[in-house]
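Peer 1: Residue 56 in our numbering sits at position 56 of the sequence shown, and the numbers go up by one each step.
Hints were generated in silico from the structure; no laboratory data involved. Backbone N, C-alpha and C define an ideal beta-carbon position, used for all residues, glycine too. Worth double-checking, as some hints may not be accurate.
[As the list claims (entries may be wrong)] Distance windows between CB atoms, simulated:
#1 84 <-> 2: 20 to 26 Å
#2 111 <-> 73: 18 to 24 Å
#3 1 <-> 99: 34 to 40 Å
#4 46 <-> 103: 32 to 38 Å
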Amino acid sequence: MAVRVGIIGLGIGLRHLEEYRRLEGAQVVAVADFDLERARQVAARYGLRAYGDGAAMIDEEKLDAVSICTPPASHRLLTEAAAARGLHVLCEKPMAPTLADCDAMIAACQRAGVTLLLGFKKRSAPPF
1 MAVRVGIIGL GIGLRHLEEY RRLEGAQVVA VADFDLERAR QVAARYGLRA
51 YGDGAAMIDE EKLDAVSICT PPASHRLLTE AAAARGLHVL CEKPMAPTLA
101 DCDAMIAACQ RAGVTLLLGF KKRSAPPF
């Protein structure tokens, strides 16, 4: 069974989408972006569902994991929402604007028993 993924933020999130598509066992099912029209265009291109609000996507979709690719100020709230739903989180860097936010993200994922992973753009590059 494939891991069902949602992507929030379609800047670097487009790269996440392409990488997930290359992975056997991963299935992107929905995307969200503050610019709903952008989300709709990407969703139409790939046969996905589109959202203008990442929290709504987390609440409404049957997901196993999310990639959070939004500005850092939104990372804590989205991570806490995902963890509360039992979703694993891949969060782009920087993790969050404050140490307190970072600690809260870690604690939320630990309480929920889900994985929190920070994205580093060179991690999946072939030479590395």
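Peer 1: Next step is simple, just say for each hint if it's right about the structure.
Peer 2: Each hint, compared with the structure:
no.: 1; hint: 84 <-> 2: 20 to 26 Å; result: 23 Å, holds
no.: 2; hint: 111 <-> 73: 18 to 24 Å; result: 22 Å, holds
no.: 3; hint: 1 <-> 99: 34 to 40 Å; result: 37 Å, holds
no.: 4; hint: 46 <-> 103: 32 to 38 Å; result: 35 Å, holds
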